[in-house]
Amino acid sequence: MAKNHRFSRRALLAGAAPLLAAGPLAKIALADDASAAERTATHGGHAHPRLGHASMIGAEVPAPGSPGQLDILTLPPAALPHQPGRLREYTLTAFDKEIEIAQGVRFAAWTYNGTVPGPIIRATEDDLLRVRFVNAGAHPHTIHFHGIHPANMDGVFEVVNPGEAYVYEFPARPYGMQLYHCHTTPLKKHIHKGLYGAFIIDPPEPRKPAQELVMVMNGYDTDGDGGNNFYTVNGLAFYYAKYPIMVKRSQTVRIYLANLTEFDLINSFHLHGEFFRYYPTGSTDQFEYTDTIMLSQGERGIIEIDFHNAGLFMFHAHQTEFTELGWMGFFNVVD
Amino acid sequence: MEAAAVGRDRGGGSARWRLWALVPIVLLVGAVSLFAATGSSLTDLLGSSPPQADTFDVRRVELARGEIRIRVTNPQTDDLTIASVTVDDAILPFTLDGPSTLGRLRSSTIVVPYDWVEDEPLAVGVTSSTGIETVHEVPAAVETPRASPRSFLGYGIIGLLVGVVPVALGLLWLPSLRRASPHWLAGFMALTAGLLTFLALDALSEALALQAALPSALGGTGLVLLGMAVSYLTLTVISHRFGGGAAGTGGVSSGVALATLVAVGIGLHNFGEGLAVGSSFALGELALGSFLVIGFMVHNVTEGLGIAAPIADGEGRASFRRLVALTAVAGLPAVLGAWLGGFVTTDVHGVVFFAAAAGAALEVVFEVGRYVRRKAPGGLTSPWVLGGFFAGVAIMYATGLLVG
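So the protein lines, in turn, are chains F and C.
Count the first sequence with this note's numbering and you get residues 1 to 335, in order.
Count the second sequence with this note's numbering and you get residues 1 to 404, in order.
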């Protein structure tokens with residue numbers, strides 16, 4: 001009986017072990033809260049930072065790249081006067097390169113000359129365009145230009161295998177905003193990996209002087225699920241939010257805009273606080289006066305803005321999802 | 001002579017042969033080092049190995065006013081770097097409470113300033129430097145309770161209601177049980193076994209469901225087995241040390257001792273239950289209506305009956321203080337579980353606790369079974385025992401529908 005008594009006490013003690021642990025465990029729970037409170041306190045002034053996309057400007061923006069890094073893809077070479085038969089030569093080399101497309105996010109891209117989008121090709125109508133294409137990548141590629149040219153210059157049948165080269169040669173026409181991209185199958189893969197770029201053909205009669213910019217809208221499917229994870233103009237998510245584009249109020253801004261977004265049916269361009277003239281494909285002088293335009297895959301055109309006001313003006317896709325996944329930037333309009 | 005020599009060999013060489021036992025281990029270390037040194041060349045022979053998944057394990061998402069806190073762990077062998085964070089498909093600036101590059105099983109907390117909308121679903125995405133996005137969905141955004149005195153009290157009350165109160169109420173059947181015939185008592189003992197069997201299976205399925213959602217690197221099924229085995233064996237040792245050793249009982253726990261074991265088993269289960277209720281509520285996965293609390297109360301009243309039955313059947317009498325202690329052992333863990341679930345726990349803890357509860361409940365089922373086989377008139381196959389067992393399972397099933 002005595003033994004029984006002793007056992008039950010000890011058994012109870014053993015059974016109560018979880019309860020005895022309650023004290024220390026509760027302390028753990030409280031300590032966690034205390035440290036959380038501390039952390040919130042150290043946040044101090046910005047415990048409630050500015051919220052919403054308006055705050056996404058300057059140093060706060062999670063964007064890759066350095067100041068000036070995108071100049072080569074934003075600022076086109078100058079237009080040359082009309083001179084039929086003049087030779088314009090470019091060399092494009094396709095190679096695989098891992099690039100940082102959003103802050104800290106690397107993408108195994110297929111590039112022309114190491115950037116996505118590829119280099120800007122510019123010619124005046126009736127120039128003889130000669131593009132030497134070298135395939136230094138791991139897969140077969142081509143260059144398919146939009147415009148008018150012979151069938152064997154179309155970049156569809158003459159597949160260029162790794163280590164091979166091909167010369168595309170044809171008169172540049174018609175004038176307008178064109179584009180180029182790889183046309184090897186599987187087509188979707190070859191385009192979304194980054195093989196595309198802007199191709200400007202200037203009219204015989206020069207366009208009005210303007211501050212000229214090129215914007216190629218694109219997306220990146222970084223996890224291979226057939227949908228884009230990031231959207232950009234000229235390849236880097238939020239780049240122009242971190243580094244706004246400086247423009248003068250007194251000068252017309254001309255944007256050569258193309259949509260090379262894969263997977264999504266459309267993309268769009270919307271400008272804040274201003275209207276612009278939009279010339280579809282830039283092939284006529286017909287324009288629409290608006291602040292939002294919609295472009296299908298491969299569609300492009302020319303935008304001309306005469307800013308009425310100085311200050312920061314946002315531009316972005318009006319698909320808000322694209323905006324918040326990287327396709328957003330600012331003009332800093334100065335007097 | 002020869003035989004003697006052999007004998008000497010066997011005797012004298014014993015230390016040597018014990019040392020020999022180390023040889024396989026030393027050779028294993030050698031082989032492993034050799035393989036590690038030339039590991040990549042083996043990969044070359046077989047072709048390149050597939051890339052790692054690069055997905056994060058999102059351990060806990062906490063919502064505070066204007067802020068989302070995401071606890072992530074790297075479940076894979078290779079390092080994993082947090083590069084980009086989205087909420088509802090929008091990239092947002094964030095700060096890190098911890099490193100951005102996580103080694104295997106290392107964690108960091110991502111803090112995102114965000115004006116989330118009450119009661120609406122929310123999806124947070126964490127993208128690795130390799131562009132792989134891990135999405136975690138919050139079914140309904142509600143502020144995560146902080147460990148304030150108020151919420152502490154709130155979880156405490158939930159624990160009391162689903163754990164302590166029903167067990168105490170169930171124990172009130174004790175006087176009636178004392179006056180019951182041996183047949184009925186055997187039936188109630190079997191009922192205890194039935195409800196514990198139900199609890200064991202319930203806890204096990206809970207543990208298995210939780211582990212299935214864990215990243216494979218955490219070895220979920222092993223964790224379940226480990227939790228079960230540890231609690232089962234611990235209870236076995238306890239019962240044999242303190243209960244089974246008593247002379248005349250032939251290694252079978254009885255009376256208050258058996259009731260204590262039952263209480264421990266039920267307590268562990270209630271701990272897991274408290275954990276589940278607490279964390280589900282904290283993470284916005286459960287609308288804690290009064291109906292749910294009522295359901296758990298009705299469900300758990302039977303547990304008090306389970307503790308009362310062996311006391312009524314035993315020879316020793318239980319003092320009021322002992323009954324209070326038994327109630328505490330069986331019921332209070334629910335309070336503890338609710339606190340832990342509400343404030344700190346993750347699914348990994350849930351797996352371990354539920355597995356432990358399953359092991360404990362199973363052990364007690366065997367204890368009760370052995371007791372019934374010895375003590376019950378007609379043994380294990382008497383209609384009272386069989387009926388009691390099925391009634392136990394059926395009652396738990398029926399009342400369990402209240403919380404389903």
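Calculated from the structure, these hints are not laboratory results.
Hints should not be assumed to be uniformly reliable.
To list a few chain F residues with every Cβ distance to chain C over 12 angstroms, as calculated [said to hold, decoys possible]: (1) 80; (2) 89; (3) 158; (4) 164.
Label-pair distances were calculated between CB atoms; the ranges are [stated by the list, open to error]: (5) 292/F - 59/C: 40 to 50 angstroms; (6) 100/C - 81/F: 30 to 40 angstroms; (7) 53/C - 67/F: 47 to 57 angstroms; (8) 75/F - 97/C: 17 to 27 angstroms; (9) 266/F - 148/C: 48 to 58 angstroms; (10) 97/C - 251/F: 26 to 36 angstroms.
Using N, Cα and C, we set each Cβ at its ideal position, and we do this for glycine too.
Quiz item: So is residue 164/F really clear of chain C, every C-beta pair being over 12 angstroms apart?
Solution: The claim stands: residue 164/F keeps its Cβ more than 12 angstroms from every Cβ of chain C (closest is about 25 angstroms).
Quiz item: At the C-beta level, are residue 53/C and residue 67/F separated by a distance inside 47 to 57 angstroms?
Solution: Hint violated: Cβ distance 36 angstroms, outside 47 to 57 angstroms.
Practice problem: Using the beta carbons of residue 292/F and residue 59/C, state whether their distance is inside 40 to 50 angstroms or not. | Solution: holds, 42 angstroms
Exercise. Indicate whether the distance between the beta carbons of residue 97/C and residue 251/F respects the range 26 to 36 angstroms.
Key: violated, 47 angstroms
Practice problem: Run the C-beta distances from residue 158/F to all of chain C and say if the shortest one exceeds 12 angstroms. | Solution: Residue 158/F clear of chain C: closest Cβ-Cβ about 32 angstroms, beyond 12 angstroms.
Quiz prompt | Check on residue 89/F being off the interface with chain C, judged by Cβ distance over 12 angstroms | solution = For residue 89/F, whose nearest Cβ neighbour in chain C is about 36 angstroms away, the distance exceeds 12 angstroms, so it holds.
Quiz item: Do the beta carbons of residue 75/F and residue 97/C sit within 17 to 27 angstroms of each other?
Solution: 41 angstroms Cβ-Cβ, so the 17 to 27 angstroms window is violated.
Self-check item: Range agreement (Cβ of residue 148/C with Cβ of residue 266/F, hint 48 to 58 angstroms)
Solution: Holds - the Cβ-Cβ distance for residue 266/F and residue 148/C, about 49 angstroms, lies within 48 to 58 angstroms.
Quiz item: Does residue 80/F really sit off the interface, with its C-beta more than 12 angstroms from all C-beta atoms of chain C?
Solution: Per Cβ check, residue 80/F is outside 12 angstroms of chain C; nearest 40 angstroms; holds.
Self-check item: Cβ separation of residue 100/C and residue 81/F, checked against the hinted range 30 to 40 angstroms
Solution: Since residue 100/C and residue 81/F have Cβ atoms about 53 angstroms apart, the given range 30 to 40 angstroms is violated.
Of the numbered hints stated above, those contradicted by the structure are hints 6, 7, 8 and 10, listed in ascending order.
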